[in-house]
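Enquirer: Below are the chains, spelled out letter by letter.
Number of protein chains: 2
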Amino acid sequence: MDVRGEEPIDVTAKLRAKPDVNAAMCPSRGVLEHVTSRWGVLVLAVLLSGTHRFSELRRTVGGVSEKMLAQTLQNLERDGFVHRDAHPVIPPRVDYSLTPLGEEAARQVWALARWTEQHLADVLQARETFDAARA
Amino acid sequence: MDVRGEEPIDVTAKLRAKPDVNAAMCPSRGVLEHVTSRWGVLVLAVLLSGTHRFSELRRTVGGVSEKMLAQTLQNLERDGFVHRDAHPVIPPRVDYSLTPLGEEAARQVWALARWTEQHLADVLQARETFDAARA
Chain F
23 MDVRGEEPID VTAKLRAKPD VNAAMCPSRG VLEHVTSRWG VLVLAVLLSG THRFSELRRT
83 VGGVSEKMLA QTLQNLERDG FVHRDAHPVI PPRVDYSLTP LGEEAARQVW ALARWTEQHL
143 ADVLQARETF DAARA
Chain P
23 MDVRGEEPID VTAKLRAKPD VNAAMCPSRG VLEHVTSRWG VLVLAVLLSG THRFSELRRT
83 VGGVSEKMLA QTLQNLERDG FVHRDAHPVI PPRVDYSLTP LGEEAARQVW ALARWTEQHL
143 ADVLQARETF DAARA
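Protein chains in written order, with my numbering: chain F, 23 to 157; chain P, 23 to 157.
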């Protein structure tokens, strides 16, 4: 107990078991889902190129709604992957950038996104073959 | 037109524009979503250790329903990442394994899953800090 009569924060207490994404209740699964979410992947990959404002992110990541982008950024900020910098100016300006931890995650999802783009023709050919065999 | 009076399959016709996951209508985004989907990540990572039967996958990937596992495997098979081998035996037996293309994708998501497990303590600490600052 600390002076406020509360249990002290003990992160390691949540980690008595070895983290395992295959375990349904392991919190690592939620982290992996934030990093690999539809918009999480794209936002991390874009931020690898440097600091962006909210409006820039929204323009770059095609099709994302304001609400989904805000939610995605907040999840990534809370997980320690994204740093949010609100400048006390008029009009308000908020910059988003990667933390060192976020940069490690972003490098990996960036590579996966580029790999997907490079192999799109193979995947589309596989789909044609699959659909033809079913028809 | 071919002899059946149909347009010949021309995968490249779908790729006139350079694939770009940031473009809302680019098909590469759907492929990336299959690879990074909640269950897609985990199924690919498990298959990296070798061929698995449906029931083995279901046991290994904690919390996945039969329906979601079947849908995930079918998406990955159609995209050319997973090979499905149905043996004509009684009782029926179906084996799933990675194709060479799937193995490339799986190595990347496996690395991301392991990275997430290894950095879980950092993320949980970041969440404590974030929540404390908001409280």
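Do not take every clue at face value.
Unchecked claim - Straight-line distance between alpha carbons at most 16 Å, and here's what the computed EDC-like set of lysine to aspartate or glutamate pairs gives:
#1 P:Lys40 / F:Asp144
#2 F:Lys40 / P:Asp144
#3 P:Lys40 / F:Glu139
#4 P:Lys89 / P:Glu78
#5 F:Lys89 / F:Glu78
#6 F:Lys40 / P:Glu139
To be clear, the hints were calculated from the coordinates, so they are not data collected in a lab. Predicted, not measured: the structure shown is a model, and the values here were computed from it.
Enquirer: Any hints from earlier that this structure breaks? Give me their numbers in increasing order, please.
Expert: The structure breaks none of the hints.
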